[in-house]
Amino acid sequence: MTGILPVTMPKFGLAMTEGKVVSWAKEEGAVIAVGDELADIETTKITNAYESAVAGVLRRHVAREQEELPVGALIAVVADAAVADSEIDAFIEHFHAEFAARPVETVGDASPEPLVVHIGGRPMRYLETGTEHEGRPIVLLHGFGGDLNNWLFVQPALAERHRVIALDLPGHGGSTKDAGAGDLATLAGAVLDVLRALDVPKAHLVGHSLGGAVALRAALDSPSHAASLTLICPAGLGKEIDDDFTRDFISANRRKLLQPVLAKLFVDESLVSNDMTEDLLRFKRLDGAREALTTIREANFAGGQREILRGRLGELGDIQVQVIWGAEDRIVPPRHAEGLPASVATHVLPGAGHMPHLEKASEVSRLLLDFVE
Amino acid sequence: MSKKSFRQAINEALRQEMRRDPRVILMGEDVAGGAGAPGDDDAWGGVLGVTKGLVGEFGRERVLDTPLSESAYIGAAAGAAATGLRPVAELMFVDFMGVCFDQIFNQAAKFRYMFGGHAVTPLVIRMMYGAGFRAASQHSQCLYPIFTHIPGLKVVIPSSAYEAKGLLIQAIRDDDPVIFMENKVLYDQEEEVPDESYTIPFGEANLTREGSDVTIVGIGRMVQIANAAADALAKQGISCTVIDPRTTSPLDTGSILDSVEETGRLVIVDEASPRCNMATDISALVAQEAFGALRAPIRMVCPPHVPVPFAPNLEDLYVPDAARVEAAVRAVMQYAGKQGARA
Amino acid sequence: MQLNREDLLRAYRTMRLIRDFEERLHVEFATGEIPGFVHLYAGEEASAAGVCMHLGDKDHIASTHRGHGHCIAKGCDVSGMMNEIYGRKDGLCGGKGGSMHIADISKGMLGANGIVGGGPPLICGAALTAKVLKTGGVAIAFLGDGASNQGTTLESYNLASIWKLPAVFVVEDNGYAESTAASYAVAGSQSDRAKGFGMPSQVVDGFDFFAVHEAAGAAIERARAGEGPSLIHVQLSRYYGHFEGDGMTYRGPGEVDRLRADVDCLKRFRTKVTEAALLEASELDAIDRAVADQIDTSVRTAKSAPPPTEADLLTDVYVAY
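Taken in sequence, the protein lines are chains U, G and W. By the numbering used here, the letter at position 110 of the first sequence is numbered 127, and the numbering carries on one by one without gaps. By the numbering used here, the letter at position 201 of the second sequence is numbered 1510, and the numbering carries on one by one without gaps. By the numbering used here, the letter at position 179 of the third sequence is numbered 184, and the numbering carries on one by one without gaps.
The hints are simulated quantities; they were obtained by calculation from the structure and are not laboratory data. Possibly wrong hints are sitting among the right ones.
[As the list claims (entries may be wrong)] In silico DSS-like pairs for lysine-lysine, Cα to Cα no more than 27 Å straight-line:
#, chain 1, residue 1, chain 2, residue 2
1, W, 112, W, 277
2, G, 1361, W, 169
3, W, 63, W, 139
4, U, 28, G, 1312
5, G, 1544, U, 43
6, U, 301, U, 28
7, W, 169, W, 200
8, W, 277, W, 94
9, W, 169, W, 112
10, U, 28, G, 1361
11, U, 28, U, 43
12, W, 169, W, 63
13, W, 169, W, 139
14, G, 1312, U, 301
15, W, 112, W, 94
[What the hints assert, rightly or not] Rough simulated footprint, nothing fancy, chain G against chain W, three-plus residues with beta-carbon under 8 Å:
#, region
16, 46-55
17, 96-105
18, 110-116
19, 119-131
20, 134-143
21, 147-160
22, 268-274
It should be emphasised that the depicted structure is a prediction, and the values quoted were computed from it without experimental measurement. The beta carbon of each residue, even a glycine, is placed where N, CA and C say it ideally should be.
Kindly generate the complete structure, drawing on both the sequences and the hints.
Dropping the structure here:
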């Protein structure tokens, strides 16, 4: 049964145990290439286009549309056109039998858990994956109000070939709610402290939105730590930012108030699920979260961006920089990607808003892999 | 963040709030245990160990074992709340409300209104409720509909450990009297609960499942029953939204009505006795406010109108389970209307 | 506690205010202008005044459905009380409480109480607050002979005793619980009940301001010193029925007339202080006139004051909901 390739229910993020094939994007018999969109997969948190990791002929839809299956279950079979249907049937039967008989401990969540490192007594949470890989790690920094789970689609893809560390910035997620002055220097200092504590002398820094400005500031403050910089819809390159968004994000303490605020982040507003909203509310309910967000907003965004680093890109010397932006970003305008030094690689992704790493995760992953390699 | 039981979550909420605010005190029967006795101090930490260890940190000045004298100490908690403390009184079993109800519904609940808005009564009364413990008729009731009936009280019924911690901290910081109901079957259940303090606002339902065919509202532990039913039904192609109101007073009517507008079908799972309970209350709400959206009659999954029985087989028959919820959901899905009635 | 001239004038003024307030309500209630029902304290003034002379705003009292006297003695605004009894927006409780629920927590007055026996547990709580927060305050429960039979009262004796709370229980025994005589309904004695809980007690003549004042002073001093609760059995009587409109057919012939003639606490106070030359009769007369004016003004104000608005129906249920 060589040449027959299984397509299984992917795992998006830490908490996913089941997914639903919402709809197939490719019919049976279609010839598919690596990276082709195969299906929309829905988790309780978000729906994501699932792209093929294999090439061949899509011989069989094993999962029906709207069917919910556990992570790892067979959803489709890809094989050469020459393979007989009987062999496909046998493959499916064999796979089902093996999957049903898999050891119980692997049924559950075998993913790595986030860890906490204390810097000056204050906790900083991070999730490290791909630890088996040598070479420069990739460090992921989320945006304002986000946390390390924002990288749920990107981190697994990167971790197949690299060590990846996603952090919670001060004031966010499971990290300290003491954001200090909350400005870029403070936040970048905290990131550098974590890198030192984790014995990471140099890393590919990837930052989204506020995290982009933090990554940039960290590279400026300690160039030796930055192997490269990827800035996704970053702050720090211009004055404009949706002031209402950061204000409303802080004040919205209920699901119905927060959902329309989060909708601004996406082109496809239906991506804002109750689970995504509840996760954010769980963060915002923590004692100190509101104060930390307020401090960070005041220091960075109130009345427009406070610290604009565009003019300092030249100080980065030979550190390679790429910028990725959602063409329909409603929070930080994509025009901030214009007029950057010629050495900066710029990618504006159509069909994405302020969260391209969620809305166009595969493209972002690919750009990141191409860039750091 | 770590796995914590429902019991640990409540203990942690109490500990963190007592550290934060010296006005927070605990009182109740055996909340420490062993007062005046020759053996161990902190002998019990509550009859099911929920407050264990708190007297060690805060002392008997703030963790007060009371005599078996609910009228006196629940009333004292109300009086203390009106004069500057923030007491958390434990009634042990909700069934004991009968010997102190005056202090709750005539005193604490009404101070603010009777006194023209000049009283503030930041009182929390914790109590266990619910069947499933083979504890028979006087230690197994729900009774939250009775509290929900009383203006001036807030009624909180957490469905899991995460919910319990955040709702209890909110209750303690709240300036109104709060009835906090703990289903004793949940005490050993674990889930991820943040180590930090956090609050969950009252009056905002949680949607524990999202679906388009049927809305299921569960109260307290029944949320878990509803989730189990919804998960099983999902595999059969019926998708349900499960709503955990979290608080029955205030009640998030908006979330329930919005969901029924989408699904057109409603099943309510309530462990309380079936007359004048949350299921009837929510049914009346939906019948009045969303009649036009309904595609099938509302179904209530409740125990029969009998006291909670003792014999294990009878008690198991008594409490709603996932199979009964599934059957109710299938019934509303299959409802075809009165055939020919309008012909 | 020695009473100086100012104290004596204040005590007399308090008792006179209560008497005139209640006598006037008796008249006004008959006109039908006062909603609901009222329970008058006339005749019992020495008790409220004698106890509350020892108290400040950090001290708390809980009262009974016969609460006007306690309110006045604890410093509640008389005009605000009258407005409240008339169901006016400017009443102490915005017209939402009425006679049986007048309260002013800022004055340490935790409310008249429509539930017989409702107050003693609350007072245990107020005393617990004083003890935990070390305010130095005391808490006093006024209760009647009727309430002395409630479980809440007896449970409160126990709780206050085991926790050594700074509390005093003042049993105002006017001989009747509604129409039922204390001699029928109360087993044993109030002081034996106190003894059963290890509490000291005193029996005092409730028509004698000075006796009440002295007994209360000792009990309150003991409470403030952290020595625990006490009970004072105040023997007194009421001039009017359980509530206004009560025909008092259960009372003996001439009983009230004899009370007014022989043991009126105001008359006895006046005789005592003037005979001892502590105060001039003219000073007391001046108080009488001033109080009469004050009550008259408060009734006139209340009659013309606006009721609560429709919007007030829905407010003040919760701090936030």
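Going through the hints against the structure:
1. W:112 with W:277: Violated: residue 112 of chain W and residue 277 of chain W sit about 30 Å apart, past 27 Å.
2. G:1361 with W:169: holds, 25 Å
3. W:63 with W:139: holds, 11 Å
4. U:28 with G:1312: With a Cα-Cα distance of about 22 Å, the restraint between residue 28 of chain U and residue 1312 of chain G holds, given a limit of 27 Å.
5. G:1544 with U:43: holds, 24 Å
6. U:301 with U:28: It holds: about 26 Å lies between the C-alpha atoms, which stays within 27 Å.
7. W:169 with W:200: holds, 15 Å
8. W:277 with W:94: violated, 42 Å
9. W:169 with W:112: holds, 24 Å
10. U:28 with G:1361: violated, 40 Å
11. U:28 with U:43: holds, 20 Å
12. W:169 with W:63: Answer holds: residue 169 of chain W to residue 63 of chain W is near 19 Å, not above 27 Å.
13. W:169 with W:139: It holds: about 14 Å lies between the C-alpha atoms, which stays within 27 Å.
14. G:1312 with U:301: holds, 20 Å
15. W:112 with W:94: holds, 20 Å
16. 46-55: violated (count 0)
17. 96-105: Satisfied; 7 residues make the cut.
18. 110-116: Coverage by chain G holds for the region 110-116 of chain W (4 residues, Cβ < 8 Å).
19. 119-131: holds (count 10)
20. 134-143: Holds, because 5 residues of the region 134-143 of chain W bring their Cβ atoms closer than 8 Å to Cβ atoms of chain G.
21. 147-160: With 3 residues closer than 8 Å to chain G, the region 147-160 of chain W meets the three-residue bar; holds.
22. 268-274: That given contact is violated, which follows from only 0 residues of the region 268-274 of chain W lying within Cβ reach (below 8 Å) of chain G.
Against the hints set out earlier in the document, violations occur for numbers 1, 8, 10, 16, 22.
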